Amino acid sequence: MRGFGVRLLFLGPAGVLALLFFLLPVALTLLLSLTDLSTVTFSRPRFVGLANYLELLRDPFLPLILGNTLKYVALTLAFNVLMGLFLALSTSLLPERLGDAFRALWLLPRITAPVVYVLIWQGIAAVAPYGLLNQVTGVSVNWIQQHPWVAVVLANGFVGASFGMLLFSAAIKAIPPELFRAAAVDGAGLGATVRHVVLPLLRWPILFVTTYQTLSLLTSFEYILLLTDGGPGFHTTEVWALHAYHLAFSNYYGNARFGLGAAMAAILVLVGLWVSLLYLRLFNFRCLLEVPRIEVD
Amino acid sequence: MKGWIGVFVVALLASGLAQQTVTLQAWTIGPEDASRTRATNLVKAAEELNRILEAEKAPYRVRVETSFETTGWDNYRRRLLLAFQSGQAPDIVQTTHADIGVYAEGGYIVPLEEYLGRYRTFQDVIPALWSAVTYRGKRYGVPQDTEARPLYFNKPLLAKLGWSSGQIAGLPQAIREGRFTWEDLIRVGQEAVQKGVVQPGYAYWHRPVNGPDFYQFYYACGGTLQNPQTGKLVLDRTALGCMYGLLGRLVQTGVMTRNLLGMPWANWHNTVSSGQVLFASAGTWTWAQWATQYYAKDHGGYDYLWRTFGFALQPAVRPGGKPVTLSQPQAYLVTAASRNKELAVRLLSLVTQPKYDAEHALGSAHLPILRTTYVLPEVRSDRFLQSVRYKLDYTTYQPMSPDWGVYADAVFRGISAVESGQLSLEAAVDLVAKDLGAKLGDRVEVR
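If you read the sequences in order, they're chains Z and H. Per our numbering, the first sequence starts with residue 1, numbered consecutively. Per our numbering, the second sequence starts with residue 298, numbered consecutively.
Derived by calculation from the structure, the hints in this document are not laboratory data. Quantities reported herein were computed from a predicted structural model and do not represent experimental measurements. Don't take every hint at face value.
[To be verified] Each pair of labels, with its calculated beta carbon distance range: (1) Leu64(Z) - Pro525(H): 32 to 40 angstroms; (2) Pro63(Z) - Glu411(H): 47 to 55 angstroms; (3) Gly189(Z) - Gln573(H): 56 to 64 angstroms; (4) Leu23(Z) - Arg375(H): 23 to 31 angstroms; (5) His147(Z) - Glu639(H): 55 to 63 angstroms; (6) Leu107(Z) - Leu458(H): 30 to 38 angstroms; (7) Pro45(Z) - Glu411(H): 55 to 63 angstroms; (8) Leu57(Z) - Gly467(H): 55 to 63 angstroms; (9) Asp371(H) - Ala188(Z): 53 to 61 angstroms; (10) Pro356(H) - Thr112(Z): 52 to 60 angstroms; (11) Ser721(H) - Lys71(Z): 49 to 57 angstroms; (12) Pro45(Z) - Pro356(H): 37 to 45 angstroms.
Glycine included, each C-beta is placed from N, C-alpha and C at the ideal position.
Working from the sequences, and respecting the hints, build out all of it.
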């Protein structure tokens, strides 16, 4: 009994937080998705069963939005992880102070407020005589509207890459120097050292960054909202989470459809869960958590 | 002890007799600075109301707290929505008449019929504007202003193209009579680009974001937005195709830039008002906005504008056709959450007077809503208001329907797709029809 009390004491606070901020919102979202709650029906929502889900199935743009979501997550994730890895490796090779300064530079997009960050992007991409890019290239186009996907992936990627960079740099620092010396003695060059020493030891941080960023990219949309608002044209850059937001909170004449938006969000929760399980299996998470067979003091 | 009780009773009586202050909150929006009178006139009307209350020896006075939004409609509507739903709505909100359908259906605003008959000032309102605030047979708002959406043309640029001053001065009449159509505009625009009078894509610009202006093209193409019998929204595929065709052609012919949609408003206004664009569709209020906020502000204000710009109706699509414009009257609405609805309407009855109507119209280049205002000397002598007034004879409105937002968003996505070259106009019309069919079902009539 005493053991149970201690467990409760330690798990309790985290359990309450998880209940309040994770489980309850999911339950509420599921509940909302079964109603016709909107601006018009706000004071008298009706239970409509699976009608919202059926309406989503009929939406001619849903396959496109789904495709956009996969494209957005895959491209931005690839940029984030690979760029993060590249930055971590390259800055580790630099003298420490220079490496730190360079890493600090890459943190700037992350610590800039999203609205300000996107305003800078818009300033760079605007048509003549306003834009910076058109003055450099001599081509006056609105770069964000002309190449919306490049803008979306890069704007998100510049923010996201620093996350992997920090974790990978720390992990590289934690590798015992003897391993590098041993590799050098064995005649390994830079490429071989990275491939056979560094990368295998970064498996755990890479798993973490990939999983975490996939999930956060699935639900993130603020930079797309500010950059292109899902356009131009028919949902060219509209992703799942942004579409849920548009349905639930924003249309030009204000009849927001919370029920339908909640149905989209509920599907996103399920997809997120499935992706997490898939990753845990793919990266052999159980093996990573196993007690080491040999204890080293 | 008795003494203390006496003091307490006197204090209680005194506090009861002391004047109460009733606070009325009002949210208003420009977003252009020049329309700030939408808020300040309410404050002036409250001062007037307090003088009346004093004369009536009423035990209370009114204080009006206003807010004036300058960022944009999207933000303002979201703020209103959250306020309505959290029960924090102000007493009065000013918004466009097209919002009444959604807000009335949601029960956020109240019909004003029982109050409106009590005040004489309301009888002076132009009757057509009452129709614009009537939903399901009841008046839900007090008209605040109205406007028209002209086609501005740049006089020095036309002169550079070789137009005589007589031709330039006659353009509004030529458009009014259907002699100068969109086809002519495209022809002149192409010529201006070829001769280097404007940059490619700078011969005609419409607004850079979603909004009501686009329905002027749809109306000019003979389209209908609402079935008057059933109240259902109508999607006329032929008119939509004609509108998308026109917008697509403007881009393909190099008259309008592909980069227009998504441009920040400030860049749009500065580029047009500094004289780099030959034709542009905007609003009457843009005149005051340019004079007070953008390039023209530091380059001679109204004098510069009169020298540089002329204005006309939006042309017809074919010779002899009808030119159009579109009005989006603004209205003050009283919210269901207000605890002082009667007082709110009384305040609105005082703001609905020719002096305030004229001040707002002259300062912001909107059109007055009261018949008496039009005969005031300062309004009769105002060159701009007198020159745009005839446009109201050609005006159209947006429908009032809770589904209008879904409709307008779908049509706008089509515009964006056609202009960016993502889809052909036929494919865009098909997609919009399919999208609306899926979202609105039998609440939209596709013809």
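Subject >> Structure versus earlier hints - violations, ascending order >> reply: Violated: hints 6, 7 and 11.
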